[in-house]
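Construct the complete structure from the given sequences, taking the supplied hints into account.
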Amino acid sequence: MRVVVDLNRCQAYAQCCYAAPERFVLQGDEILVYDPAPPASDRAAIDRAVQACPVRAIRVEHDALAERAA
Amino acid sequence: MTDASDGTLFAQVRDSANRADPYPLYARLRVRPVARQDDGTFVASGYAAIRALLHDPRVSSEDLPPAEHPPTGNPVKDWIVNPLKDWVTDRHRPFIFRDPPDHGLLRRQVMGQFTIARVQGMKRRTEGLVAQCLERCAGSRHFDLVDDLAYPLPVTVICELLGVPREDEPRFHAWATQLATALEPESRHDEALRARNTETFDAIADYMRDLIREKRRAPRDDMLSGLATAKDPQAGRMSDPDLIATAILLLIAGHETTVNLITNGMLTLLRRPRELARLRADPERAPRVIEELLRYEPPVHFRTRVARAPIPVAGTVIPEGAPLVLLFAAGNRDPARFPDPDRFDPDRADNQHFGFGGALHYCVGAPLARIEAEAALTALAARLSNPRLAEDPPPYRPGASLRGPKRLLLHIDGIG
Amino acid sequence: MRDGTIVVAGASLAGLRGAEALRAHGFAGRLILVGDEPHLAYDRPPLSKHVLTGEVAPGATTLPGVGALEAEWRLGVKALGLDRAGRTLLLADGERLAFDRLLIATGARARPWPAPEEARLSGVHTLRSRDDAASLAAGLAARPRRVLILGAGFIGCEAASSIRALGLPVTVVDPEPAPLAQALGSVIGGFVAGRMEAAGVDVRLGARVTHLEGDRAVRRARLADGGTIEADLVVVALGAVRNTGWLAGAGLRADEGGLSSDGACRALDEAGRPDEAIFAAGDVARFPHPLYGHRPVALEHWGNAVAQGAHAARAMLHGADAVGAYAELPAFWSSQFGLNIKSLGLTEGADAVAIVQGSPRAGRFLAVYGRAGRTIAAVSVNAGRWLPAYEGPIRDGAPFPPITGGADQPDPEPVPPGLPSREAA
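Protein chains in written order, with my numbering: chain A, 35 to 104; chain B, -19 to 396; chain C, 10 to 434.
It is worth saying that the hints were derived from the structure and are not from the lab.
Heads up, some of the hints might be wrong.
[As the list claims (entries may be wrong)] Okay, the calculated bits of chain B under chain A, using three or more residues with CB under 8 Å as the criterion:
1) 327 to 335
2) 340 to 351
[Claimed, not checked] 25 Å max Cα-Cα, derived SDA-like pairs, lysine to any residue:
3) B:K211 <-> C:S368
4) B:K211 <-> B:R174
5) B:K211 <-> A:D69
6) B:K211 <-> C:L348
7) B:K103 <-> A:D76
8) C:K87 <-> C:G103
C-beta atoms are modelled at their ideal positions from N, C-alpha and C, and glycine is treated no differently.
Here is the structure:
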């Protein structure tokens, strides 16, 4: 998967960190660190993070080829 | 009289006759995104206006002690300016009724205990609790979603997170039910009700005081132990009054709201059997379904604030001191923000709803609410056989803000 | 326009988002993206942050969208020239791409150390591309004795933060009196300087490096005052220059500061007339911003690349009149030394700054910038949820300071922001 977060929009609500704690982490008060290339097996957790973001700042692209291979 | 100048619309919203479907009133209110009501209250119902006000530092959540806000005789205004003043002294205000910088310090301490590990840890447990509730009803042809599932679940979850001993849980159920009535403006008219709420507040405060002492003596791995023993680098140790206020807040806030999310959610799905079937076939739709429910039928319809200074917004100026209502449920249906807003559509893109409020006071318990709603709705979709609404609309509890059915009777063929 | 051929010169963020917008708005013709790097479009902001700390692999930052886009990619091929009359783009491998519309999104490159032979010393790095970041990360993995960073702009400060997080000794040299002075002024920059020093960075302000010394590998830097700094790894973080050299002779108004374009993103010819077929977006585009008196600005902002790419795409398909003038509120973020810094508007030309919410002592605050009594920008430090309140006042040019009487608001005392004069910069 490919993930990018629009950090202009992000307001550090941390909902993604609860939804997919392996892939999104807040450092300090509001610095978001995320995995831009999570494995396809994380699809459900990443989808939860996308949906839960109050400002819809997370964009994901599923890699069709990689997932077919997996 | 044109709709826009009808200064009684918010009074009509609070009228229980309109509880089952307040949305036409919201549409009329939105004609003026920020509308002055006859009693001097300003109601924000347009999406853009609500968003602007949520972030505006002049919009205050401070609930000041009675001495600083003598009653005006206008019950709605008094309630907004000072919702808990019958019970709360200046030192007993939870962070939901505080402004920065105090708010930030208190909230940070709570967030420090509302850890990802604790919340994630409740996921399995919540699924287990839902299964238990359904087991209890096995063999029955009737199911009251409120009493049989939506009501008991959140209290148990929050009690376990806080670290309330299991044997004390029944008392919490009763207290939570009672105190929810204090959050509605109409409670101020009812002297008997106010007296009962005061008693309840005292009882729960006494209980918490003892429990916190016990947690300090023998800390366990729970939120209350953490709050009672942790030391914030800036704020230091949380005071007993703050701790008690926080614990009570978490109990109440995590309770009625989640009941409503689950109950309104199932009601919405039962009215749209196709959506219920889709969720049953694909439980991974749950996050989308829940976000759309939070927009379409939010558990909290409005929150109140006070203007600390004149605020220009949406072509009007809210004067200093004016009570202010942020009508989230109306903003969530604003056609200027959401295409076809009255359609329930889990596949909606860009669903930035106010279901958990927003800005500094964004719901602390949102991740927990999502977990509970997902566990409940996916299990109900999967296991209830041929569920039908026994009455539509169902009877509602009195609350206009924390709005939800008093009961939701379902006919079922069985529980799988 | 629905059919024909659209070429996008530049296959990074602005080019990718522009191409996506073309498809989203119904363009069904041939779409070709040309990029000088061999990589699919990737995200740059992590390169100076979590890529340097090793939390994110340099190759992991490919952007969402590259997979689904129906387009032909020409990667690892530079655009060499533009034949405007013939509507043809010339590529380094000799290919000539005819187009009906061209989107120029060739971005910018790191401004190199001015002495080429010194810049070639091993251990001297710039930081702009994924390959730069990988090379710098490899250099850091060899545990240099001291890292010297030339320039305390955002890239320099972010790199300093990341490299300190690795436990390496870091010196930052900048001629201004504070870090981030160009963007934020020395008042807010001074707060960041305190955090840098607390993190153990050796901050040398008001200082200028004149020479890098060493044989084959860099050993030390010589300062204008005669002093030296021993360092075996140097990061040159002196800003960026726009990639417009390949447009020489095309008859467009272009230089190191950007390619001039109008509000509809159309490139301007030397006489200042818009070319109806050639558009510009992202770092390379220098456009008149309506919020700032139509002053031409070129923004190196992630959000600008996204929004302007899309705006240009709509203008290409529907015409300049249909889209109106591009007026996205400038916005950026930076994270460093535990601080999340977010900005709205442009501070350029500000004559006053006031801390209007929170306080530096509490570690979170919001600062507003004014110019001639009007609000032009706002910067939040660890207070991102306060920032949206200032969107409206900046857009409206509200009286400065814009919001008073709120919670946690000190009596704002505007002071000069300490922005360097353009000449000095």
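Evaluation of the provided hints:
no. : hint              : in the structure
1   : 327 to 335        : holds (count 3)
2   : 340 to 351        : holds (count 4)
3   : B:K211 <-> C:S368 : 22 Å, holds
4   : B:K211 <-> B:R174 : 36 Å, violated
5   : B:K211 <-> A:D69  : 31 Å, violated
6   : B:K211 <-> C:L348 : 22 Å, holds
7   : B:K103 <-> A:D76  : 17 Å, holds
8   : C:K87 <-> C:G103  : 10 Å, holds
The earlier numbered hints that this structure contradicts are 4, 5.
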